[in-house]
Amino acid sequence: MYLLPIIHLELCTGCECCVLCCPTQALGMRDGKAFLMYPERCDYEARCEEVCPVGAIELPYRIVLGTPGEDSQGEKTSALG
Amino acid sequence: MSTSHAERIALLRSVPYLSVLDEGTLHTLAHAARKHQYPADAVILIEGDPCPGLWIVESGRVKASLLSPSGREHILAIYGPGEVVNELSAFDSALSTVTLQTLAETHMLVISCPAFQTLLDEHPEVTREALKHLASRSRRLVAMIADLSLRTVTARLAGLLLDSIAGSDEATMTRSQMAARLGTVREVVSRSLRDLERLGLIRIERDRIILLKPRELAQLAERE
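These protein sequence lines are chains H and G, in that order. Counting in this note's numbering, the first sequence runs from 1 upward without gaps. Counting in this note's numbering, the second sequence runs from 1001 upward without gaps.
The hints are simulated quantities; they were obtained by calculation from the structure and are not laboratory data. Be a bit skeptical, because a hint or two may be false.
What the hints assert, rightly or not - If we take Cβ atoms under 10 Å as the criterion, some of the chain G residues that face chain H in the derived model are:
| # | residue |
| --- | --- |
| 1 | G1167 |
| 2 | D1169 |
| 3 | S1176 |
| 4 | R1186 |
| 5 | L1211 |
| 6 | K1213 |
What the hints assert, rightly or not - Across the chosen pairs, the derived CB separations fall in these ranges:
| # | chain 1 | residue 1 | chain 2 | residue 2 | range |
| --- | --- | --- | --- | --- | --- |
| 7 | H | H8 | G | R1198 | 40 to 50 Å |
| 8 | H | H8 | G | A1135 | 38 to 48 Å |
| 9 | H | P23 | G | P1081 | 22 to 32 Å |
Even for Gly, the Cβ is constructed at its ideal location relative to N, Cα and C.
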């Protein structure tokens, strides 16, 4: 199961910066606050977290140990912009 | 969550310097201790607040941190069951040097400052053990200063990632939380994560940070 961005509603000022910059339009507004309207669209680009002026959005990461041989997998582009 | 008297005594005994007390004194202390319950994310003490006493975590987790005037946070420690919180102020009744916030619903026993200080006066064996404990804590703080002033963020991040999964299969952290643990800001953590990825020590896949080369990460954490 994927993790999803955490929106701290008590911090959100409703500026909509995250909604406007989300490349997959996963975010929307509800009652004047940011809201993850389409979680299935979220691809964890982290732009919402980076653009939020008040730190109201955070992306949690699962830290895990790689399995032996995993480091030899093909190169992948970092998920962090 | 209710705690029986026997459970209170067991909790008090889990504190190294209280474990040297005899059964009768532990019994009296357990009677005198008050039970406090806090919801998750509650700020229970702010830097500069007066000392309410010695807190012993029964269940839940408590974060001790320093906040800069601009709101930047540096997490000093996260306490769990059986650990003591707000210890320094309990020794000298001075104002708190840290801000405390619960990370989950938390139950704690509190021994008031006067009761704790009377205990120290009347039981030199507790004072001796407490001094040993404070000495070890001072060493940890010196190590933390050395860490902050002498090692790069990337090296410290390598250590933090490894420490986070010590004793468990996985951990979950946001970049802001990593920054708060390392005394830096999220942007610097992002850059350091990319550095570690470029070095082939980790891989970031969507919501996972995979530690590919723990031995090399440990070497980096130690070296710089």
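Agreement of hint S1176 of chain G with chain H interface, Cβ distance less than 10 Å: With a minimum Cβ separation of about 6 Å from chain H (threshold 10 Å), the hint on S1176 of chain G holds.
Residue hint D1169 of chain G, partner chain H, criterion CB-CB below 10 Å: Since chain H brings a Cβ to about 7 Å from D1169 of chain G, closer than 10 Å, the hint holds.
Restraint outcome when K1213 of chain G is required to lie within 10 Å of chain H by C-beta distance: Hint on K1213 of chain G: holds, closest Cβ of chain H at ~6 Å, below 10 Å.
Chain H contact restraint for R1186 of chain G - C-beta distance below 10 Å: holds, 8 Å
Status of the given 40 to 50 Å range, CB of R1198 of chain G versus CB of H8 of chain H: The hint (40 to 50 Å, Cβ to Cβ) is violated, given that H8 of chain H and R1198 of chain G are roughly 31 Å apart.
Outcome of range test on Cβ distance (H8 of chain H, A1135 of chain G; 38 to 48 Å): For H8 of chain H and A1135 of chain G the Cβ distance comes to about 39 Å; the hint holds.
Hint check for P1081 of chain G and P23 of chain H - Cβ pair distance inside 22 to 32 Å: Violated, at about 42 Å.
Satisfaction of the L1211 of chain G interface hint, Cβ to chain H closer than 10 Å: OK, holds: L1211 of chain G within 10 Å of chain H, min 5 Å.
Chain H contact restraint for G1167 of chain G - C-beta distance below 10 Å: Violated, because the Cβ-Cβ distance from G1167 of chain G to chain H comes to roughly 12 Å (cut-off 10 Å).
Hint compliance for this structure: hints 1, 7, 9 are not met, and every other hint is.
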